[in-house]
Amino acid sequence: MIPLNIPETEDTPKVTLDPANGMFEISKRSYPEDATGFYAPVIGWLGQYMSAPNPETNFTFRLEYFNTASAKQVFKILTVLDDLSKQSKVTIRWHYNKQDQDMLASGQRYSNMIGAEMVMVEN
Amino acid sequence: MSYCFQAFQGYMASHRFFYLLKASKHGPFGGYIISCVLEKMIYFYPFAMNATTTNTLQFAHSLFGNAEAGGLHYVYQGNFSMELTNSILGIAESNLENHHEAAGVKKKVYFIMVESLQNITRHQNDDLAAPGFFIIRRTGNDYYVTSCNTISNNEIELLESKLLEVNSLDQDSLKSHYKDILMHGGISDKGGAGLGLIEMARKSGNKLVYDFEEINDKVSYFFFQTKISSVRGTETGAGMHRDNLEEAKKLHADILKNNLSLVYQGEFTQEVVKCALTMTEGIGDKDPLLLKKRSFLIVVELLQNIFKHGQNPSGGKEGNPGVFLTGKTGDEYLFSASNVILKGDVAKLRTKLELVNSLSKPELDTLYTKVLLEEERPGDKGAGLGLIDLRLKSGHALIYDFRELQDDHAVFTLEVRISPNSTHHDPPKHS
Chain A
1 MIPLNIPETE DTPKVTLDPA NGMFEISKRS YPEDATGFYA PVIGWLGQYM
51 SAPNPETNFT FRLEYFNTAS AKQVFKILTV LDDLSKQSKV TIRWHYNKQD
101 QDMLASGQRY SNMIGAEMVM VEN
Chain B
1 MSYCFQAFQG YMASHRFFYL LKASKHGPFG GYIISCVLEK MIYFYPFAMN
51 ATTTNTLQFA HSLFGNAEAG GLHYVYQGNF SMELTNSILG IAESNLENHH
101 EAAGVKKKVY FIMVESLQNI TRHQNDDLAA PGFFIIRRTG NDYYVTSCNT
151 ISNNEIELLE SKLLEVNSLD QDSLKSHYKD ILMHGGISDK GGAGLGLIEM
201 ARKSGNKLVY DFEEINDKVS YFFFQTKISS VRGTETGAGM HRDNLEEAKK
251 LHADILKNNL SLVYQGEFTQ EVVKCALTMT EGIGDKDPLL LKKRSFLIVV
301 ELLQNIFKHG QNPSGGKEGN PGVFLTGKTG DEYLFSASNV ILKGDVAKLR
351 TKLELVNSLS KPELDTLYTK VLLEEERPGD KGAGLGLIDL RLKSGHALIY
401 DFRELQDDHA VFTLEVRISP NSTHHDPPKH S
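Quick note, the sequences are listed as chains A and B, same order. Number 75 in the working numbering belongs to position 75 of the first sequence; there are no gaps in the numbering. Number 106 in the working numbering belongs to position 106 of the second sequence; there are no gaps in the numbering.
In isolation and in its complexed conformation, chain A is listed as follows (with noise of 0.2 Å):
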């Protein structure tokens, strides 16, 4: 599957997807004028890769900021995980900054909320 990367603007994140090489990362900040638009091509990407996914998907959140819109569309993302991790094993590694405990607080209502595995990383 072709790998999908988006290099991070100021206002939007750095998005690595990338199989062949078992990347799957999206990082930086994230508060774009249109998170929706910004995230279809994201959350189209992974659609496509649920129908022939490595037997094991590490992903990986590294954000410093991100805005409420972009916070509905990460759940999107975690949406379409959990439904990965039903077929193929998925770990969720969610990183936040030792002091930024909004990150980690994020982290933890949206490991709640799916059923896949969400490991919280210290940074």
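Bear in mind the hints are in silico, worked out from the structure with no lab data behind them. Glycine is no exception: its CB is placed at the ideal position from the N, C-alpha and C atoms. Please note that the accuracy of each hint is not assured.
As the list claims (entries may be wrong) - Simulated DEER-style distance windows between Cβ atoms:
1. A:Gln87 to B:Ala103: 54 to 64 Å
2. B:Val346 to A:Met1: 19 to 29 Å
3. A:Ser27 to B:Lys348: 36 to 46 Å
4. A:Ser88 to B:Leu355: 36 to 46 Å
5. B:Gly344 to A:Gln87: 41 to 51 Å
6. B:Thr366 to A:Thr9: 50 to 60 Å
Said to hold, decoys possible - Simulated crosslink set (BS3-like; lysine-lysine; CA at most 27 Å straight-line):
7. A:Lys98 to B:Lys286
8. A:Lys76 to B:Lys203
9. B:Lys162 to A:Lys76
10. B:Lys274 to A:Lys98
11. B:Lys106 to B:Lys203
Given chain A's structure and the hints, the job is docking chain B onto it.
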């Protein structure tokens, strides 16, 4: 004369803490203020006090009265850095673009802004290190750029003689005078030879207007204003120029009185949001990371709200009109945003705000999760999480106000306060 002096004293008293916080990192030249004012602002003073709203809410509303005129307006107090200057210029540029100004006018306004900003930093008195003040405002076809910085009393005579000289010259004489100084020197020990003043007079095509306000027996405030006319032959008289300087001084006093550090009025777009974020990111260098992150996200939510949910009564497409204020009192930061909504939406929004304010933290968390789970509807511009998130991040009840405009619109102002160690303040329970 006296109100400016009082305002300055008040300013020094209220901002000393803020300044000291910054001084160690950026040296004694750190603080300054930038302000851009919009035309007709004067008509909205003085604003009536209302027991149910805060002073800053009133101030925001007073700025909004002329939103439809679509000018630019901001105030900044903090450290002068390259990044900050770029943000200030970036916002101004974005506004000039929106007004479709001719390239020549844009270049002149830009040049004079840069020159004014440099004057503030270069000529700031090191012993006093008082923050400066900078305003850009559009009135009709004219742009007014006003700066203010402190100056030693013993330097006033020389500076005034230069200003009088520049003002006495016509355009041709300014040109030859400029060449003369370049070729024969006369450079002052501060690196300027009045060259900046000559260039500003040349590019603006108008006389320079200024005023000195004595602070004490050692220093004074130096107010300085340049006017750029965007349409030839429509220049207003020197009297108007002088009146505008007095208005700028009045605004200066109001901003100081309200403990504000950044005020921006104009059209809001994602570009403006990015510039405003760069400015606010410098706030609170010594504050905990969590406070900085929360402040950043509060600004994102408030400002994106303006262009996602706001209305543009004039029908313009380049962003929605709004007002954004930040301030600091003690260790508490204040962020406030105003935008236009439809009168018909007031009741619904008020109900939402009342609900969010009435909930405890666990109840807000539950509501947040519930909204996350809701299906997206086509045409949704946000996640419907903004107000919940603002209330959670602030810990305090959200402060808000609606004010009706003449037509089908109303101005909605939302004020969010945040302090280090802020815990969630549950609403009082009624039996």
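Go through the numbered hints given earlier and state which of them the structure violates, listing their numbers in rising order.
-> 2, 6, 8 and 9
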